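K.L.:
What the sequence shown shows, in numbering that gives the first Met the number 0, is residues 0 to 253, in sequence order.
Check the hints yourself; a few may be wrong.
Unchecked claim - Now the in silico label distances, taken between C-beta atoms and shown as ranges:
1. Gln33 x Asp73: 29 to 37 Å
2. Asp53 x Lys12: 19 to 27 Å
3. Arg52 x Asp73: 49 to 57 Å
4. Asp153 x Arg52: 19 to 27 Å
5. Ala32 x Ser79: 45 to 53 Å
6. Asp137 x Leu57: 24 to 32 Å
7. Ser203 x Leu61: 38 to 46 Å
8. Trp77 x Asp153: 42 to 50 Å
9. Lys12 x Thr176: 53 to 61 Å
10. Asp73 x Asp6: 42 to 50 Å
Please keep in mind that the hints were generated in silico from the structure rather than gathered at the bench. Given the structure is predicted, the values throughout are model-derived calculations rather than measurements. Glycine residues also receive a C-beta, built at the ideal position from the N, C-alpha and C atoms.
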Amino acid sequence: MSSIDPDLVRLLKRLKLGLLLPTLPERLTLARAQQLDYVAFLTLLLADEVQRRDHQALERHLVQAGFEDRVTLDGFDWTSPVQLDRRQLQQVFSLEFLARKEHVVFVGPVGVGKSMLAQCLGSASVRAGHSVLFIRADALLAELGQARADHSYDKVLRRYLAPDLVILDDFGLRRLTAQQSNDLYELIVERHRRASFAITSNRSVDEWLGLFDDPILGNSALDRLANAAHQIVIEGPSYRAKLAPKHRVVDDQP
0 MSSIDPDLVR LLKRLKLGLL LPTLPERLTL ARAQQLDYVA FLTLLLADEV
50 QRRDHQALER HLVQAGFEDR VTLDGFDWTS PVQLDRRQLQ QVFSLEFLAR
100 KEHVVFVGPV GVGKSMLAQC LGSASVRAGH SVLFIRADAL LAELGQARAD
150 HSYDKVLRRY LAPDLVILDD FGLRRLTAQQ SNDLYELIVE RHRRASFAIT
200 SNRSVDEWLG LFDDPILGNS ALDRLANAAH QIVIEGPSYR AKLAPKHRVV
250 DDQP
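Using the sequences plus the hints, can you model the full thing?
P.N.:
Here you go:
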């Protein structure tokens with residue numbers, strides 16, 4: 000740092016480019032060794048800064064998405080005994096469904112990896128430049144209910160209308176109240192043809208209608224989801240149980 004002209008240090012900091020300073024001596028050495036001209040040297044420095052800012056923005060967007068785990072599809076254990084249509088999954092991970100404003104539904108029993116795959120899909124979407132929000136279905140409905148009580152409903156609803164992809168995790172754990180049915184219906188209707196959902200559930204889509212307090216609202220909401228949804232059915236024993244720590248049995252006999 001001592002070899003860098005103080006005026007240059009001041010100007011870089013003034014332009015909010017101070018994070019170039021730690022690597023600047025290395026870049027200066029490289030420029031001299033390769034006899035880079037001014038334009039090539041400036042391009043090299045700016046490319047470093049763009050890469051740093053892109054990485055910083057990606058990290059910020061991954062945090063803002065609210066994922067419970069930082070996972071990618073590369074980390075999924077394909078040797079596990081769970082069964083699903085891998086070709087259909089690969090098609091979904093092409094992310095073409097986002098451009099078409101379609102939806103994705105992961106259904107299957109507890110522990111088979113639905114939430115993990117949904118978060119992998121969300122992570123892939125963020126990395127491709129899309130806005131994503133991950134939330135448990137019960138937390139979403141509680142937030143909307145509280146927003147109605149404190150008169151912030153419109154503001155909260157806009158938060159869930161904005162992202163390219165909203166991931167609702169663990170939908171269908173319990174029957175919806177009349178207000179929850181109405182709130183979910185309104186969210187689905189407002190996002191329909193504007194943006195995508197990804198939903199995980201222990202229940203098959205055929206069972207979802209019975210969760211709504213009002214079957215008319217339920218039919219209308221599910222008609223919009225089902226007609227534009229890629230349904231990925233996952234079967235098999237618990238994937239989560241396989242990942243659990245193994246406890247060694249200790250023989251306490253003397």
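K.L.:
In ascending order, which of the hints set out earlier in this document are inconsistent with the structure?
P.N.:
3, 4 and 7
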